[in-house]
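Heads up: the protein sequence lines correspond to chains A and B, in order.
The first sequence begins at 1 in this note's numbering and counts up one residue at a time.
The second sequence begins at 294 in this note's numbering and counts up one residue at a time.
Simulated from the structure, these hints should not be mistaken for laboratory data.
Treat the hints loosely; a few may be bogus.
Derived pair list, reagent style SDA-like, types lysine to any residue, alpha-carbon separation capped at 20 Å [what the hints assert, rightly or not]:
hint, chain 1, residue 1, chain 2, residue 2
1, B, K369, A, M286
2, B, K448, A, I97
3, B, K448, B, A424
4, B, K369, A, Y103
5, B, K369, A, I290
6, B, K369, A, D11
7, B, K430, A, G92
8, B, K325, B, F359
9, B, K430, B, G465
10, B, K430, A, D11
Label pairs and their computed distance ranges (CB to CB) [stated by the list, open to error]:
hint, chain 1, residue 1, chain 2, residue 2, range
11, B, G386, A, D105, 21 to 31 Å
12, B, L368, A, Q38, 18 to 28 Å
13, A, I117, B, A513, 53 to 63 Å
14, A, S15, B, L368, 27 to 37 Å
Backbone N, C-alpha and C define an ideal beta-carbon position, used for all residues, glycine too.
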Amino acid sequence: MITIIRKELADYFTSIRCLILFVLVLLASAAGLYAAYQGIRGADISTGFVFIKLFTASGESIPSLVTFISIFVPIIGIALGFDAINREYSTGTMSRILSQPIYRDSVINGKFLAGIITLAIMMATTLLVVSGYGLRMIGVPPSAEEIIRLFIYFVSIVIFGAFWMGLAILFSVIIKNLAVSLLASIAVWLFFGFFYTMLIVPAVAKTVETYLMLVRLSPNTLFDEATMAMLLPQSRGLGLFASGDVSYMLPNPLPLGQSLLLVWPQLTTMIGLAAVCFAVSYIVFMRQEIRAT
Amino acid sequence: MEKNIVLETRELTKRYDGNTVVDHLNLQVAEKEVFGLLGPNGAGKTTTILMLLGLTEPASGSAQVFGFDSTREPLKVKRLTGYLPERLGFYDGLTARENLRFIAWLNNMSGGEANQQIDQVLEAVGLTKVADTAVGKFSRGMKQRLGIADVLVKKPRLAILDEPTAGLDPEGINQILDLIVSLPKMDTTVVMCSHRLYEVQRICHSIAILARGKLVVEGALDTLGREALAGGRYRIEVETAEASPQLVEIIGRIKGVNKVEAEGNFLHITTDSDLRAAISKAVVDNGVALIQMKVHEFSLDDIYKRYFQEEGELKQ
Chain A
1 MITIIRKELA DYFTSIRCLI LFVLVLLASA AGLYAAYQGI RGADISTGFV
51 FIKLFTASGE SIPSLVTFIS IFVPIIGIAL GFDAINREYS TGTMSRILSQ
101 PIYRDSVING KFLAGIITLA IMMATTLLVV SGYGLRMIGV PPSAEEIIRL
151 FIYFVSIVIF GAFWMGLAIL FSVIIKNLAV SLLASIAVWL FFGFFYTMLI
201 VPAVAKTVET YLMLVRLSPN TLFDEATMAM LLPQSRGLGL FASGDVSYML
251 PNPLPLGQSL LLVWPQLTTM IGLAAVCFAV SYIVFMRQEI RAT
Chain B
294 MEKNIVLETR ELTKRYDGNT VVDHLNLQVA EKEVFGLLGP NGAGKTTTIL
344 MLLGLTEPAS GSAQVFGFDS TREPLKVKRL TGYLPERLGF YDGLTARENL
394 RFIAWLNNMS GGEANQQIDQ VLEAVGLTKV ADTAVGKFSR GMKQRLGIAD
444 VLVKKPRLAI LDEPTAGLDP EGINQILDLI VSLPKMDTTV VMCSHRLYEV
494 QRICHSIAIL ARGKLVVEGA LDTLGREALA GGRYRIEVET AEASPQLVEI
544 IGRIKGVNKV EAEGNFLHIT TDSDLRAAIS KAVVDNGVAL IQMKVHEFSL
594 DDIYKRYFQE EGELKQ
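Chain A on its own, in the form it takes in the complex (with noise of 0.2 Å):
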């Protein structure tokens, strides 16, 4: 297995699909950093998080850089796997890697492993050169509890992340041909992405409960509450409050140990949803016949 992971990463960041997103990540993160130039000035910083208000801090026209990343890393986990499985099939590769001694689920585990090894390092480059940038910009040093809180922030993007390549290797398995698995990855991203939680899910949901409950179904809200309970300390709870319990809140940061307790069924939710999309492709994949055609 190591082989097949070793092959895939040399694959990844030889081609140009992977040099593409390097070059749109490095974008996003330049334009979030000038976001937070713009922002950070007017932020509120009596929390006593400086360094962090750098990554959701919003310019005046520009996006902060969470949302950048909210919207990209699924993009780079689609990217990643949508061809994984069928295009081994369309070039004739497959029968030949299956009939050298290895056991079959290693090329699966390989080529998602080496996903998220390429989509973890393709993120921690992210988020230490805006780090970088910042520290150079704002002149404040980041605290021991911002740095886990940053570090926690990445292992949910690459949970996130593995959710979304999961998905587009189900695809892959399920779906021979390679525009077709790419468009039905990108149709539910689209899904989840704006019609789920604007228009579906105020349309049907009555009570504030059952809106929550829905909106919750979509990775995309699971990772946005996780997000903000990390990187806004000052987050007390994840959804909505009634205006009356608003001007009871006291306005100090919850400490890290309740932020996570917070985000902890996010998190949680967001690892089973990678694991059973991971887990139908495997079984799909392991039943899969060659054929003689």
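Take the given structure of chain A and dock chain B to it, following the hints.
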């Protein structure tokens, strides 16, 4: 001489959506021979191969390679077996050498051993000059050669080649056929599928013909034609200076001769065994000059046609 059987199928059967693609197939391939698997398209050759490698599960029956059951111990089978698929593909972005190295790694070869082996097989298939060119730029024939290299790089004890000469030019075909013929000397048994009968006739020791998943005929090539077409008899052609009726009669009296037909100066003789010595003696003793004499060889073409003629008649 008792030969070791390296590959054996017993009542091997496969069904796809109710169609029986391979039907109770019994095959045996002896060690260090070149075995030809023939049959029209859709006869079940590739499916049989996939079952031998454990890539597809049989509906019933079993396949054994080197004594390992293909369905239960596919890894052990695949460690000893190299497979050249009919529709072969490589990673276009990688060079020939990198493609082979990946396969060598998957076979747990160490770096140094792999490099040495890769150089050797690239040399053998004549791709040394383009070893570091991306495979995407290869022609069909070059890819086919790389496919053969790909099979050999793992030093298989059994090589299963599906259409090994597809897409090659005549010179390339000869080169690859020579390579295949040399494999048994290096302890590798070869099973090959091909539609080019003259190739099979040239290099195979034994053949099996499949049609609609069933075994039509199996056997060593040199005896198969005689058995199939002449009821196990020899046909001897004799050209003499003058074929007199008297001579025909004399030859007809030789023990073992079944039939003598004269056609101009040619005599067509059907015999039970190779009686060339006796016949030539009879001709010369009668004072007739013997110009030439040969045992009629049955080409694979004849054998193949004969079986598929029957098949065609059955269909009608």
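Cross-check of the supplied hints:
1. B:K369 - A:M286: Given pair B:K369, A:M286 holds - Cα atoms ~19 Å apart, limit 20 Å.
2. B:K448 - A:I97: holds (16 Å)
3. B:K448 - B:A424: Holds - the C-alpha atoms of B:A424 and B:K448 are around 19 Å apart, at most 20 Å.
4. B:K369 - A:Y103: Satisfied, since the Cα-Cα distance of roughly 11 Å is no more than 20 Å.
5. B:K369 - A:I290: holds (19 Å)
6. B:K369 - A:D11: Given that 20 Å is the threshold and the Cα spacing comes to 29 Å, the pair is violated.
7. B:K430 - A:G92: holds (17 Å)
8. B:K325 - B:F359: Holds, at about 12 Å.
9. B:K430 - B:G465: It holds: about 18 Å lies between the C-alpha atoms, which stays within 20 Å.
10. B:K430 - A:D11: holds (17 Å)
11. B:G386 - A:D105: 21 to 31 Å: Since the Cβ atoms of B:G386 and A:D105 sit about 25 Å apart, the hinted range of 21 to 31 Å holds.
12. B:L368 - A:Q38: 18 to 28 Å: violated (60 Å)
13. A:I117 - B:A513: 53 to 63 Å: holds (55 Å)
14. A:S15 - B:L368: 27 to 37 Å: holds (30 Å)
Hints 6, 12 from the earlier list are contradicted by this structure; the remaining hints agree with it.
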